[in-house]
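Working from the sequences, and respecting the hints, build out all of it.
Letter by letter, the sequence shown follows residues 213 to 370 in the numbering used here.
These are computed hints drawn from the structure, not numbers from a lab.
When the alpha-carbon atoms are kept at most 27 Å apart in a straight line, the in silico BS3-like pairs for lysine-lysine are as follows:
(1) 354 <-> 327
(2) 309 <-> 368
(3) 309 <-> 369
(4) 362 <-> 300
(5) 311 <-> 321
(6) 315 <-> 300
(7) 311 <-> 368
(8) 327 <-> 315
(9) 327 <-> 311
(10) 354 <-> 305
(11) 305 <-> 315
(12) 368 <-> 349
(13) 229 <-> 243
(14) 298 <-> 368
(15) 341 <-> 305
(16) 305 <-> 369
(17) 317 <-> 298
(18) 309 <-> 327
(19) 349 <-> 309
(20) 305 <-> 321
(21) 317 <-> 305
(22) 370 <-> 300
(23) 370 <-> 349
(24) 341 <-> 315
Estimated spans, in silico, between C-beta atoms of each pair:
(25) 279 <-> 246: 16 to 26 Å
(26) 337 <-> 225: 33 to 43 Å
(27) 235 <-> 353: 38 to 48 Å
(28) 325 <-> 301: 11 to 21 Å
(29) 254 <-> 369: 35 to 45 Å
(30) 263 <-> 227: 37 to 47 Å
For glycine and all other residues, C-beta sits at the position ideal for the given N, C-alpha and C.
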Amino acid sequence: MNEGDYDTATAVIDFAKRLLAFQKKVAGLEKEWDDLEDLRDKATPAVQEIVSKRFFGRSKRGDITSQDDYCAPILRVLIEMGGSGKTKDVIVKVGEKMKSILKPKDYEKTATRAKELRWENTTRWARQKMVDDGRLKADSAKGLWEISDKGRAWLKKK
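Put into structure tokens, the structure is as follows:
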């Protein structure tokens, strides 16, 4: 074994040890966070409301529909609309398509946009995610959502 190879191997092992120690810390913090959520869930409704908004911010996993669950319906709506559609029209149609899977918290108003429901906001974020990964066209006119060839191919695989 060359001396350089040994040094590299030692560095990799040291890094792996630090990474494993860090993962243990993260796992411990996740457990502690879950314990805090359990404590919050056992509190009075008044305490839950204050604590949830102030310290937890986000809904618990499973309380709202995942952003990923919006992707296929958005793409299907765009195909039904001929490949593109205006923001408002797409969002309305996505809401109709997803009505059976949306959860009660999805119908709550968002903290940042008082008139917008959570599912509408999540639809917008799912759109942005698909623009970023190429499933929707990035160069569409403002207010227009447009499926790309990559988006069509992705949907065919679903």
